[in-house]
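Protein chains: 2
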Amino acid sequence: MVIRPYGYAIWEAIQDYLNVKFKETGHSNMYFPQFIPYSFIEKEASHVEGFSPELALVTIGGGKELEEKLVVRPTSETIVNHMFTQWIHSYRDLPLMINQWANVTRWEMRTKPFVRTLEFLWQEGHTAHATPEEAEKEALQMIDVYTKFAYEQAAIPVITGRKSKVETFAGAVRTYTIEAMMGDRKALQAGTSHNLGQNFSRAFGTQFTDENGQRQHIWQTSWAVSTRFIGGIIMTHGDDAGLMLPPKIAPIQVVIIPIWKKADEKTGVLNAASSVTEVLKSANIKVKVDDSDQRTPGWKFNFWEMKGVPLRIEIGPRDVSSGSVVISRRDVPGKQGKVFGISMEPSILVAYVKDKLDEIQSSLLERATSYRDSNIVDVSSYDELKEAISQGKWARGPWSASDAEELRVKEETGATIRCFPFEQPQGMKTCLMTGDPAEEVALFAKSY
Amino acid sequence: MVIRPYGYAIWEAIQDYLNVKFKETGHSNMYFPQFIPYSFIEKEASHVEGFSPELALVTIGGGKELEEKLVVRPTSETIVNHMFTQWIHSYRDLPLMINQWANVTRWEMRTKPFVRTLEFLWQEGHTAHATPEEAEKEALQMIDVYTKFAYEQAAIPVITGRKSKVETFAGAVRTYTIEAMMGDRKALQAGTSHNLGQNFSRAFGTQFTDENGQRQHIWQTSWAVSTRFIGGIIMTHGDDAGLMLPPKIAPIQVVIIPIWKKADEKTGVLNAASSVTEVLKSANIKVKVDDSDQRTPGWKFNFWEMKGVPLRIEIGPRDVSSGSVVISRRDVPGKQGKVFGISMEPSILVAYVKDKLDEIQSSLLERATSYRDSNIVDVSSYDELKEAISQGKWARGPWSASDAEELRVKEETGATIRCFPFEQPQGMKTCLMTGDPAEEVALFAKSY
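First to last, the sequence lines map onto chains U and F.
According to this note's numbering, the first sequence is numbered sequentially starting from 4.
According to this note's numbering, the second sequence is numbered sequentially starting from 4.
Pulled out of the complex, with its shape left as it was, chain U reads as follows (with noise of 0.2 angstroms):
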């Protein structure tokens, strides 16, 4: 997959926000190598089993055949645990907190533009402490860092929670998760942070001499969001008229489009458009002018709403001589707002403007959830389960069942176990499939 500009841009809006909080929660960003020796990713029985069918191996070097083969990485822990095992020596060096960008292969069957490709850029951060409950206070922080993210930034109302046993990542512990519901109702997991225990630091002798002397494996955490994202944000807010961007993370936030007919209004209008796109940009504001000849304005209205840019602007030669200009929506097709007194008081338009991304901003957050919470359906039997997933829906019903059982309910239904949610019912409950007691819900659907 080649990600374009536009594309990329999104991403780098991703990787600006979270860059920032990783830091702010006392992480360095670092680089390890992305091949690393078949023999490390064997160390750890589960991840191995997990990973094996999907990697990507470099047997020939400048040349030669290698003595032994090298792993594209797929995820990095076990390089990482390979090194923290030869910087980690006391308490003292504890907690190591790090986070790296890097692009990772696993190779992918079938695969799908942002959400399923062989190669995919992503953060992974890797964290090493001297206690079981640090690293649980760690990776629920990152799935919170998460969460955050989601809703403030991208406008998705992820449900976050706890995977299954089944579904916990490749030597983890505990794996926690986003997940989002995508237009046609799929579960999409955007993000996820592991409790990985002393599981890598036993398979790789990872361990530090405590505060009393004693030598001790150490406790690690490991959490990542991809390019994945990205398609997320497509599929959340997209419509049949194409992308729907939620203007914190838009390439472009305004669009300007200058409408002429005769060659003697052209310049008014041109520089009408340039000194509105000043007044914004001066303002912070992500604006782009589309004042080409090849196209007429009607194609450029379909072009633009395609982007899913939030807001457009018309200037015409009639605004231009009443100092005004128009401003659309893309979440509200039709409906216009137009302002007036701009060429006077330049600060009017920035208010309205930033107002109305503003107003965007929520406004996508309130339509997903109100979609997401509408397409979830509370079951109390398998039979309710079978019937929900088959609308397409999800599923929310107390679970206490079995692994076998879960597997049964994917082969069934094709939906598997999402999440448990952190925001869990009150009382004790009764398990959708066995009738057991269950102390939680679990949530049930078709994914990506």
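By construction, these hints were calculated from the structure, which means they are not laboratory data.
Don't take every hint at face value.
One copy or two, it doesn't matter: identical chains are merged, so the pair holds either way.
[Unchecked claim] Straight-line alpha carbon distances no greater than 27 angstroms define the calculated DSS-like cross-link-like pairs of lysine-lysine that follow:
1. Lys357 x Lys341
2. Lys115 x Lys67
3. Lys341 x Lys291
4. Lys264 x Lys303
5. Lys303 x Lys26
6. Lys26 x Lys291
7. Lys284 x Lys24
8. Lys26 x Lys310
9. Lys26 x Lys251
10. Lys24 x Lys251
The hints should help you fit chain F onto chain U, whose structure is shown.
Frame of chain U; chain F shown alone:
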């Protein structure tokens, strides 16, 4: 090679600066796949000849032997052209100007941290133009961006020029380079910009319809700076005590070391240290307090000297009572300044620190420039060239001899033509090797 946080922070400083300059000059970031079908690499004859000895090949994916081997990108011209061929149809699609930040792999036999590694990080710009003049202008513009970065940010007085035909990039018509003199007087090629002409567009059939309706091959450039630049900074400015980082790219510009002997002094000293920290931070100065109990002040002095932090601030009990601090420059050992009255008027300290950081920035560039100039010898004969190289210096002399003569110099002296510098002495000259007329002087040196 693993890049740990302190080294990676230098890379982030390089990225932050260049990314802004690339966007200002009209480029967009994007991302191409790193696996390139082997058949792509073979299309441009000199390209495959240059790169085939150092390729890493993926031959197994998802458990199966692949039908076509995949090359782990050593550089992306081939896959870029494969895509450009699909994107570019008309002169209206030009210029197309993109950049990617990525990892690349070259199977190096002799590796050296940062300078020559099997995998490294870089940015690679790729542009397509309608005319050879535009491509040439772009190639020159980007080597100029690199030159300014080297001088103004990294304090490295590179010599900018054109590579000889022998040293030109595999597939380029012309390669421009910035060459830096390291502390051991070896040359480091720190960044290159290539005018690719139509070599790749002919190999890949990348054509456009020009304004007259004629089909033409596009004219291209590519240009790159890598994590090797970190090595360049270390080896330009370091001394026997360790690194010496230019303030503009230093991850930590000021380290504060609180000093106390008695327990009752500790609180006052630490409070003073943290208020000085806040003052400097709010002036956007990158500051770190080393207040650990584990180490002595002497140990800390040595440690942060080794790390190359430009300024050190000491705060002891007497400083607390007099409202002063002691400030030392990394680049002028032993020289200290004492700033008084800072508890009354914090702006005094900020002004002093900013002033010193500027002084260090200029002083590092001046020092490196005079070191460079005192180690370049003007030569007019091969004997003089050999003499200069054998003394470990660089030789600059008129050159119009053949590729074969150039290779002979390399064999006999170990030195190569680093570049024909843009800055040339006036008038016709006589080739140092052949006695024939020569238009330009070339710069010879041993290199990394």
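Quick one: which hint numbers does this structure break? Sort them smallest to largest. none
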